[in-house]
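A.B. asks: Dock chain to chain to rebuild the complex, using the hints, since each chain is given by itself in its own frame.
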Amino acid sequence: MDTDVAALTTVFTEFYYWITVALMFLIHVGFCMYEVGASRRRNHMHTLMKNSMLIPLVTVTWFFFGWWIYWAFAGGPGITGGIGHPAPEFAAAYTPWGESMGPRLDDRISGVFWAAFLLFAWTAASIVSGAVIERIRSFAFWIFAILIGSVTWSIDAAWGWSYGGWMVEILGYHDAYASGVIHAIAGGCALGVLVVLGPRLGKFAADGTPRDIAPHNPWLVCIGLFMIYTGFWGFYVACNVPIATAGFIDGQITGATQTATTIYLTPTTLGAITMNFLLSLSGGMMVGYMVSKGDAFWTYSGGLAGIITASAGNDLYHPMQAFIIGGIGTYLAYKMHFWVENKFKIDDAVGAVAVHGYAGFWGLVIAGFVLWGHPSSPYEGFAAINPIGQFAGAIIMFWVLGFIPAWIVAKILAGMDLLRIPREIELLGLDFHDNQEAAAARQDVLDAVRGHAGS
Amino acid sequence: MSTTPIETWAVDLKDVTFIYPWVGSEVLMAWVGIILWIAWHVWQLKHENATYAEKLAKYGDSDTIKKAAEEHH
Numbered sequence: 004m005d006t007d008v009a010a011l012t013t014v015f016t017e018f019y020y021w022i023t024v025a026l027m028f029l030i031h032v033g034f035c036m037y038e039v040g041a042s043r044r045r046n047h048m049h050t051l052m053k054n055s056m057l058i059p060l061v062t063v064t065w066f067f068f069g070w071w072i073y074w075a076f077a078g079g080p081g082i083t084g085g086i087g088h089p090a091p092e093f094a095a096a097y098t099p100w101g102e103s104m105g106p107r108l109d110d111r112i113s114g115v116f117w118a119a120f121l122l123f124a125w126t127a128a129s130i131v132s133g134a135v136i137e138r139i140r141s142f143a144f145w146i147f148a149i150l151i152g153s154v155t156w157s158i159d160a161a162w163g164w165s166y167g168g169w170m171v172e173i174l175g176y177h178d179a180y181a182s183g184v185i186h187a188i189a190g191g192c193a194l195g196v197l198v199v200l201g202p203r204l205g206k207f208a209a210d211g212t213p214r215d216i217a218p219h220n221p222w223l224v225c226i227g228l229f230m231i232y233t234g235f236w237g238f239y240v241a242c243n244v245p246i247a248t249a250g251f252i253d254g255q256i257t258g259a260t261q262t263a264t265t266i267y268l269t270p271t272t273l274g275a276i277t278m279n280f281l282l283s284l285s286g287g288m289m290v291g292y293m294v295s296k297g298d299a300f301w302t303y304s305g306g307l308a309g310i311i312t313a314s315a316g317n318d319l320y321h322p323m324q325a326f327i328i329g330g331i332g333t334y335l336a337y338k339m340h341f342w343v344e345n346k347f348k349i350d351d352a353v354g355a356v357a358v359h360g361y362a363g364f365w366g367l368v369i370a371g372f373v374l375w376g377h378p379s380s381p382y383e384g385f386a387a388i389n390p391i392g393q394f395a396g397a398i399i400m401f402w403v404l405g406f407i408p409a410w411i412v413a414k415i416l417a418g419m420d421l422l423r424i425p426r427e428i429e430l431l432g433l434d435f436h437d438n439q440e441a442a443a444a445r446q447d448v449l450d451a452v453r454g455h456a457g458s
Numbered sequence: 074m075s076t077t078p079i080e081t082w083a084v085d086l087k088d089v090t091f092i093y094p095w096v097g098s099e100v101l102m103a104w105v106g107i108i109l110w111i112a113w114h115v116w117q118l119k120h121e122n123a124t125y126a127e128k129l130a131k132y133g134d135s136d137t138i139k140k141a142a143e144e145h146h
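As you go down the protein sequences, you meet chains A and B in turn.
Each residue of the first sequence is one higher than the one before, counting from 4 in my numbering.
Each residue of the second sequence is one higher than the one before, counting from 74 in my numbering.
Warning: the hint list may mix true and false statements.
Cross-link-like lysine to any residue pairs, in silico, SDA-like; alpha carbons within 20 Å at most [claimed, not checked]: (1) B:Lys131 - A:Leu430; (2) B:Lys128 - A:Glu427; (3) A:Lys338 - A:Thr212; (4) A:Lys346 - A:Trp410; (5) B:Lys128 - A:Ala443; (6) B:Lys87 - A:Asp7; (7) A:Lys346 - A:Gly201; (8) A:Lys348 - A:Asp434; (9) B:Lys139 - A:Leu430; (10) B:Lys87 - A:Phe15; (11) B:Lys128 - A:Asp434; (12) B:Lys131 - A:Lys296; (13) B:Lys119 - A:Phe142; (14) A:Lys414 - A:Val199; (15) B:Lys119 - A:Arg426; (16) B:Lys87 - A:Asp5; (17) B:Lys140 - A:Ala441; (18) B:Lys87 - A:Leu108; (19) B:Lys128 - A:Asn438; (20) B:Lys128 - A:Trp100; (21) A:Lys346 - A:Thr212; (22) A:Lys346 - A:Asp437; (23) A:Lys296 - A:Leu204; (24) B:Lys131 - A:Glu440; (25) B:Lys140 - A:Arg426; (26) B:Lys87 - A:Ser103; (27) B:Lys140 - A:Cys225; (28) B:Lys131 - A:Pro425; (29) B:Lys140 - A:Gln439; (30) A:Lys338 - A:Asp298; (31) A:Lys338 - A:Ser285; (32) B:Lys140 - A:Asp437; (33) B:Lys87 - A:Asp110; (34) B:Lys139 - A:Leu204; (35) A:Lys296 - A:Asp215; (36) B:Lys119 - A:Gly201; (37) A:Lys206 - A:Glu427; (38) A:Lys296 - A:Pro221; (39) A:Lys206 - A:Arg426.
If you are wondering where the hints come from, they were derived from the structure by calculation, not from laboratory data.
The following block holds chain B by itself, in its conformation from the complex (with noise of 0.2 Å):
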């Protein structure tokens, strides 16, 4: 029992060809992979939206700014 389509190498090379596991399952795995790359994006906005909130309540008062602005390097 192999996950892989290698039972043994004692074989000829020549004949082998895949070597991963679960082999047959390439589409599945490709979904798979689409779906948590686009949530990624979705967790990113919402991440880089929300921290910008958050320094806009914590720094973005006009004092802190200008501060800033003065410190401008």
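Next comes chain A alone, as it looks inside the complex (with noise of 0.2 Å):
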């Protein structure tokens, strides 16, 4: 930072990554009132809990192997490269004793870098934790929130969300706001860890038909999902490398034009994302308005499964192509929520299967031919984004990396009954004791207070 350009650009990007992290927050905050208001009275705080120490647990996860995980697999590793392919000088730097995981005056962004990444982790972690609500053992959520979190998330963003990412090398893989990377395997992992877990005790009658478990606290669903829109313009934004230059880009974009970055350093603006974002949520939320006439879980959410759907390619799409691939994403995530619940006994109380991994799946496989042979990367011998490509990534990012390791952990946690509570606490509900003892202090103050009005 020695001249007043560099300076400038240094703090720019870096008060650029913190606001997308304060607002990332946002997301979190949505998510917890969205569980919570989804949940019965009776579970409300295990809800809360559940999902607010997944914070703390990804978070050191993340700094002890999650970042490095994210900069030494890009290239598989074995696949394009070996441990640390492209950059080895990154992941020697970002291991928990690495000369970058701690303050220094030379290095203003990494911190910043990887507190993004980290929200993200969050948020994969978050998706899964609403569609298991109510019965699952605490312990057990928690592994899988450091799974998808601290794992999985970063082996399929070091794979197919880097510069070098072997996917994008050889598959030509284009998700620019992680429909697949975020969205896609958290979907798949809910899922993964459904099938073992089983659903809430009354979900299904006998002869399977599904009964609908109302949220107790509709406000409080949607304006939890209000919430998360609100964080994802952090989310969006933090995809981005905000001010990059040809060198930054190692001389393949030639000139002298300063631009913002995907994070595969191929340009796009802000102005491009926010049109997108925005359009693909309307197409969202006025297809689910229509396909579940007028329900407000269904609308929201489908603004969010518009978003999703749109995400892989919201860097390049015309704004109608936004809105439309939007509504597409949202009426196929609808549909194949019920259509899963019926027909698998599934039991997702929020929708995450569907909101996220089906409409990040679709939304990777419409992006394969709306962009079909648009350059992947600004780097010479990438393949060019294409259907088939898209459509492994599909696959990879929602099965490979979300329901096969999630379904696996699932199965060793139900042999040692870990995954599941008791079937009385679920009966009782897992706050009835700290309910009872409140009653009781309720009663206790109420006879003391009687006590002196009659004295």
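C.D. replies: Next comes the structure, spelled out in structure tokens:
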């Protein structure tokens, strides 16, 4: 920072990522409101704590190994390069004892960049949290939170969401705002857990007909979703590199023009993603309202599904494309949610598999057709975006890195009787003891007040 | 004497790198953190199991469960 321009560029970039972190905190606030609102009164505090405690657990594990995985695994390892490919110096610097993992005056960006990626990790874990409420053990959920937050999402980001990722190089994979690398993987992970965990007691009738376990507080659910929309702005902006020069992109882009880029270092603008965010949200809300016949929960969720579907290509789409793609994704997510629920008796309490998993999956596939032939990277030799690469990417995100690891871990935990809470506790409600204590305390105070009033 | 590498700020900042205490002990600090993290999970698992056992002992009779189910909300 020995020139005014260098100082401004550095401090701007540092502040830019810092703001995204503060905004993305709102995603977590929203998820907590949403989940507590969707749970029954007997399970509120357990639901809140289950989601809240993923914050410290994913944070420390992201420090210990999640961030290193991102920088170490871009080449597979063993597909396009070894550990640390294409920049082994970064992988070395981001071990928990690495030289870029503590405060230093000559590196002002690593800490905020680390934090922005961490907030993505919280989001991935929090998506899973909603699906499994009211019957999963806290211990088990936090294992899944670490699995997706600090291991599998980190691997998928290394593979498909970095400038040197092997999926980008070989498949031409393009997922600028994380349809797959956050949402499809989280949906797949949630489904892998749900298959083993089973439905909440009373969710299905004896003949298999699903019952609607209504949220105890629809207002809280919807405001929570609104809060997630707000935090999503930070998520989108954090997916960009705010200012990049030709030199930063290794001279691959010629000339002196500076630009914002995606994580792949392909040029885009904040204006483009702002318009497309809003249009895909609109397409999703309009279709969500229509297919659910005005149901508030599915209208808000539809907005989210719309953004998620269009996110893979929202750096490039025309706003009308984002609008239509958002609507298509929401329609598919809604229909698939109820089809899977009926067919496979899956109790996804908040529709997370649909809104994140199915919408993210189809978003990747659609981007393969709409962006067919567009360069996935500024680097020579990388495949262009194409339908087969995007479809393969969707399979890798949802099934290979989402569903399968979660299903295996769920099986292991179930085998050790550590996955699901005891049946009697589920019948009583997870907060039963605390509610009894609170009722007794209220009665005690009431008796005392009555005593004073009578004396 | 300073626990950080900084003895004075009367320096050219372009020459300053690390500013945190105990530079050189990063590996030890990381392992302390990792041990604390794993220990927390061990404690939490025991606590969760003990809590369920306690609740079942106190409220696990069929009458209480039926009453709780009737007040289900």
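A.B. asks: Could you tell me which of the numbered hints above are not met by this structure, giving the numbers in increasing order?
C.D. replies: 8, 12, 20, 22, 23, 27 and 36
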